[in-house]
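Position chain B against the provided structure of chain A, taking the given hints into account.
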Amino acid sequence: MDGVIRILRRFVGTTILVSLLLLLFNLVLLGSLIFKEHHKSPSPEAVVQQIAYGLDQRHGKYVLTHEAAQQLKTNRAWAMLLSPGGKVQWSERLPSEIPKSYDVTDVAKFSRYYLMDYPVFMWEHTDGLLVLGYPKSTYGKYQFDFLTEWLRSLPIRALLLLACNVALALLVSVLIGTRVIKGIRPLIQGIHALSNGDTVQLDTKGIFNDLSQSINSTSRMLQEKNEALKARDEARSNWIAGISHDIRTPLSMIMGYASELEEQPELSTEQRQHAAIIRRQGERLRSLVSDLNLVSMLEYEMQPLKLKTIRLSVLARQVVSDFLNNGLDERYQISIHITDESLSVRGDERLLYRAITNLMQNSISHNPDGCKIELKTEAAGSSFNLFVVSDNGKGIPRERLADVISLPYASGRIRSDLQSHGLGLPMVARIAKAHQGELILASDSEKGLKAVLKMPASLYLNEQ
Amino acid sequence: MDAMKNKKILIVDDEPEIREMIERFLRKEGFFRIYAAGNSVNALAISKLEKPDAAILDVMLPDGDGFSLLSSIRSFSDMPILFLSARGEDEDRLLGLGLGADDYIVKPFLPRELILRLFAILKRVYAANVVERLPVFRLGNKTVDLDSAVVRGTSREVSLTAKEHAILIKLYENQGRIVTTDALCEAVWGDESFGYENTLMVHVRRIREKIEDDPSNPVFLLTVRGLGYKLLTQESN
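Protein chains in written order, with full-length UniProt numbering: chain A, 1 to 464; chain B, 1 to 237.
So that you can see chain A by itself, here it is in the shape it has in the complex:
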């Protein structure tokens, strides 16, 4: 809706600007094309003035300068000098029908209009009145009379005219604009709906029918693509689930017989050790297979979350206790730092337990010489709670941080020898994502790794 008004405003503004430019253009054109003739030669006033100045009395005779005479010639005009008494004292190229004497009435008459149809122009000369006559029908003479009041208000009137023009332009542009917008609005709504991923079915009538058809077909195409993607994700997830299922039976046999051999007293120690290696590798394969399945389900959002309110402190103590109960090496020191017992998140208990276990296991397996590991719960504002697992071990080079949470073998990921099978941290990142949270890693080489699990907070029993 906002966009529509913006478009209308732009449209109106542009229209007015165009109108004004057109007006200006017309004025310029008017000046340069229509009135250009006026300035082609010197005006009659200039000519008569020049002649008046060029006419001198010398030794009782009037002499016209050469330039003035030339001027007369080029204009095919004639000139005469009337004495104060009305007699012609001097003349040049004077047509024969022009009288030689005038009274006041005659002068008053021709001074405004024509003398015997010759357009005439006057100039005051020291010895009387100089009259310049042009050939018949070369000049039109009109008399204009204005009230001074009217003249004075002329700028305001001009301004008013301009304002009226602007108002008209505005009106017309708004009218046209709204009409166009009415046609565009469904298109805009359609495109917005497209960006939201909704299905769009526009009316294909009207001036923009080809556009609406395009939008409709784009929507159809997007829906089809989405469905295809979903089907592919599902197929991929099922494929991985199928493979991990099929691996389990042969793996059962390998692990079963290997562990039986391991316990055979009649075998040599070396042979039993070999059996133990087979059994242990089988167990590794088992955990890899189940990790793979879980990661693929998380990746394609096929994992249903069993959400409940979980206190982070309970989870922290549980994870650490289990690590200690399962005989954690003494080289690793674990500490817990809980700021607030009641900090809790809504999540899948099993997945969160898995995530934190993975983070701790990550610190342990990347620091075989031992390190200090700290688990910490923190609030980050009112809507997020953090679970932080940090160690003072080797850390990960900063430029590889983004790399370690992407899936192994994904395009662009460098295969690293640091990771056992590389699913630990990617899995944590996906578990966080499945909970609308995120995994933030911070590290500097030799300064340890800090993994922050950021999860939406749960409103939880503060009444207790």
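In short, the hints are calculated from the structure, not lab data. Remember, it's a predicted structure, so these values are computed and weren't measured experimentally. Backbone N, C-alpha and C fix where the C-beta goes; we use that ideal spot for every residue, glycine too. Check before you lean on any hint, since a few could be wrong.
Claimed, not checked - Using C-beta positions, here's what the derived DEER-type ranges look like:
(1) B:THR223 to A:ASP246: 46 to 54 Å
(2) B:LEU99 to A:LYS433: 29 to 37 Å
(3) A:TRP239 to B:LEU97: 25 to 33 Å
Said to hold, decoys possible - Negatives, chain A to chain B, calculated, CB over 10 Å:
(4) ARG6
(5) LEU27
(6) ALA52
(7) TYR53
(8) LYS73
(9) TRP90
(10) LEU162
(11) LYS225
(12) ALA228
(13) VAL320
(14) SER321
(15) TYR332
(16) ILE336
(17) LYS433
(18) LYS447
Structure of chain B alone, referenced to chain A:
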């Protein structure tokens, strides 16, 4: 334990190699009345004819799934059933257990684990004629009798309160291992036990007064700072 070994065990799995392997492990453990079936029809026939005492069922079978087989078996028999499945998803696990299976093992498995779980099931079901008794164990020169909820010293006998009793049971079940305060609170006060940590501390102190020679320097009921408690027993029966 030996009484268990003459129980009849039915193995149902569509993979002959898995059947053979499990049978081999069971025989090695001393079981000798073992039946095997590769599909539901055979499994049902054997169940009706031989009346086995326990069954190990696969979930995926060529002619149906183990869950419906379990339902069919349950219509005429109450024998304990252990699922052994390649399907490890929680839903399957919960479905199996919800239908009345006694345990659920996900493939691949270690034979030792299977045998231990089978024994646990058999013991639970067929040793029921023996009255269930809570354990009695020694801590130094004192004996903790959880069954009658008393601590017997050299000279006198003190009784345990209900809460102390519940705490000790939970600790004894996990002896030698850390039990978090949260798990203890939940065992005593139930799910909504947030905020009982201090009360738990008081109870633990009282328990120490009863079982420890020097309650200020405990040697049996240890505090694991920041996590919980751990019960160390010298001997148990």
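Exercise. What hint numbers does the structure not satisfy?
Worked result: 13, 14, 16
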